[in-house]
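Participant: What follows is each chain in one-letter form.
There are 2 protein chains.
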Amino acid sequence: MSDTVEKPPVPQDFDALRTAILERKGELPKRLTQVAAYALDHPDEIAFGTAASIAISAAVQPSTLVRFAQHFGFDGFSGLQLLFRARLRERTSSYEERLRTLEQDGAALAESTTIFNGFVAAAHRSVDAIAAAVDPDAFERAVTLLAKSDTIYLIAKRRSYPISSYMAYAFGKLKVRCQLVGTSAGIDDDMLAMATSKDAAFAISFSPYASESAAQARMMASRGIPVVSLTDSAFSPLAECSTEWFEVVEADHAGFRSLSASMAFAMALTVSIAEKRRRG
Amino acid sequence: MSDTVEKPPVPQDFDALRTAILERKGELPKRLTQVAAYALDHPDEIAFGTAASIAISAAVQPSTLVRFAQHFGFDGFSGLQLLFRARLRERTSSYEERLRTLEQDGAALAESTTIFNGFVAAAHRSVDAIAAAVDPDAFERAVTLLAKSDTIYLIAKRRSYPISSYMAYAFGKLKVRCQLVGTSAGIDDDMLAMATSKDAAFAISFSPYASESAAQARMMASRGIPVVSLTDSAFSPLAECSTEWFEVVEADHAGFRSLSASMAFAMALTVSIAEKRRRG
DNA sequence: GTCAATATGGAATGTTCATTCCAGATACGG
DNA sequence: CCGTATCTGGAATGAACATTCCATATTGAC
Chain A
668 MSDTVEKPPV PQDFDALRTA ILERKGELPK RLTQVAAYAL DHPDEIAFGT AASIAISAAV
728 QPSTLVRFAQ HFGFDGFSGL QLLFRARLRE RTSSYEERLR TLEQDGAALA ESTTIFNGFV
788 AAAHRSVDAI AAAVDPDAFE RAVTLLAKSD TIYLIAKRRS YPISSYMAYA FGKLKVRCQL
848 VGTSAGIDDD MLAMATSKDA AFAISFSPYA SESAAQARMM ASRGIPVVSL TDSAFSPLAE
908 CSTEWFEVVE ADHAGFRSLS ASMAFAMALT VSIAEKRRRG
Chain B
668 MSDTVEKPPV PQDFDALRTA ILERKGELPK RLTQVAAYAL DHPDEIAFGT AASIAISAAV
728 QPSTLVRFAQ HFGFDGFSGL QLLFRARLRE RTSSYEERLR TLEQDGAALA ESTTIFNGFV
788 AAAHRSVDAI AAAVDPDAFE RAVTLLAKSD TIYLIAKRRS YPISSYMAYA FGKLKVRCQL
848 VGTSAGIDDD MLAMATSKDA AFAISFSPYA SESAAQARMM ASRGIPVVSL TDSAFSPLAE
908 CSTEWFEVVE ADHAGFRSLS ASMAFAMALT VSIAEKRRRG
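First to last, the sequence lines map onto chains A and B.
For the first sequence, our numbering begins at 668 and goes up steadily by one.
For the second sequence, our numbering begins at 668 and goes up steadily by one.
Each hint should be verified, as a subset may be incorrect.
Just so you have them, the derived chain B footprint on chain A, three or more residues with Cβ under 8 Å [said to hold, decoys possible]: (1) 683 to 692; (2) 702 to 713; (3) 784 to 793; (4) 805 to 815; (5) 824 to 837; (6) 921 to 935; (7) 938 to 945.
In short, the hints are calculated from the structure, not lab data.
The beta carbon of each residue, even a glycine, is placed where N, CA and C say it ideally should be.
Go ahead and model the full structure; you've got the sequences and the hints to work with.
Facilitator: As structure tokens, then:
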């Protein structure tokens, strides 16, 4: 008789290790759980870093890394690191292969895969496009404008609504007062009626433009309330009544657009405003 | 006058090094030529190995490796090795290069510009990451699962809510029956109670996980309703109760995450489901 | 063929790193 | 509330490592 304790075999590849970690994550002590999460979330760091550098990133002691490795049957941290490196070697080749396959014969793949790749590619193009299209000076002006306002009214309907809803969430976290317009019922106009010239509005609308959003933005503008807007064309009704406006053209896949670029823009605007306020 | 000898600049990336090696390989001594050939033929070995192990593989002395590196302007072997490691990292996300450019001249720009660039870069990285992380087969299974369900329940709170809200909008346009859970009031659980095993759920939750979402997903699962989920870590409570789950790690900028990659994924899923239904 | 300049191999060196060890902290059971 | 077992942080340790140095070998010029 050797041991009464059950000894699971040492994982031989990354997937086995991953499985083992997920299986035993419940019974792991606090710091080891922390390492487990870090390892699965930042595998590249584990592959390249030294025990010391990884320990700093994961906010643990180097010795904890060693203990973690030993928990899973390795001699020490180095043994575990080998798996992460092996994974990286394999992935580079297989990932390249995959890309090549995708580009060549999209027909042979499952339709869902084609659609997925299409949206990923569209997201890439959209983000590229917005990076090129947004004028830094205009962006800075918009940030200044919104940062000094009292309450920010977020106007968005339908397809744009998810963006403003995320901004509202983020503004909440950042302690920036805002009012989400377009939620429900018919109280939108009542809410907007309370806006003063100390406030500002951020409106989002994409073609086909919700006439309501445009009307609300115009109304705000006519009352001397600055309007910043995000839209997809210079011909948008929003453009003409806005103090500052930005164009984001989401690349489409099969006629459908994701909001990847708009989301990036929205977050950049949100965080910039909060940052500007914080600095005074 | 310092040196009459021409001093080519130290290569800053792998391609520059490769070019430099090819240019100067004629004037290199025997052993250094040997190292040069080995380096270009086995770049992965250089990235991961130690000077000693590489020396054995290349049939040279460790000191030769150091001399080789110094010939190309590096302090020592380690400096050269960094380039080989960086190359492997960039393979996975080739956007790193452009990121570095942005970061370099970010200091002189307005803060809002820096933030904007940061989010654009983060969006790019996120989209790259999700392209690599999503397994086409798993995606196809998820699509099949959701496409054959009667009603799709979309579970998401807080930060994830904008995504599900966009999916609900798109599903509506595509005539796919769905129920958005997490809107308001306390009617969520009542809505979920109506779900049968003919239905399915799609849950989204990112760290810090809303306990409500996890509980609801678990509840659905326990009643035999298939759950597909989108989350940001294998440790997510969603992962363990899902039939299929996907990991999307949104790169962050200054601690804030946009939803660019998640949005692309959501739209791909939505459209794929609609397409699968349409085809029968 | 001889000398000088360069290249090379291999041992010596100093540094960095993973690992171990121990003392204190924390959680757990009685 | 106390005692025990486990966990954690941090310093000590020893091994592995890149690098340097020097003696020898090789090359090329005269």
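Participant: Next, verify each hint and record whether it holds.
Facilitator: Hints, one by one, checked against the model:
no. : hint       : in the structure
1   : 683 to 692 : holds (count 4)
2   : 702 to 713 : holds (count 5)
3   : 784 to 793 : holds (count 7)
4   : 805 to 815 : holds (count 3)
5   : 824 to 837 : holds (count 9)
6   : 921 to 935 : holds (count 13)
7   : 938 to 945 : holds (count 4)
The structure agrees with every numbered hint stated previously.
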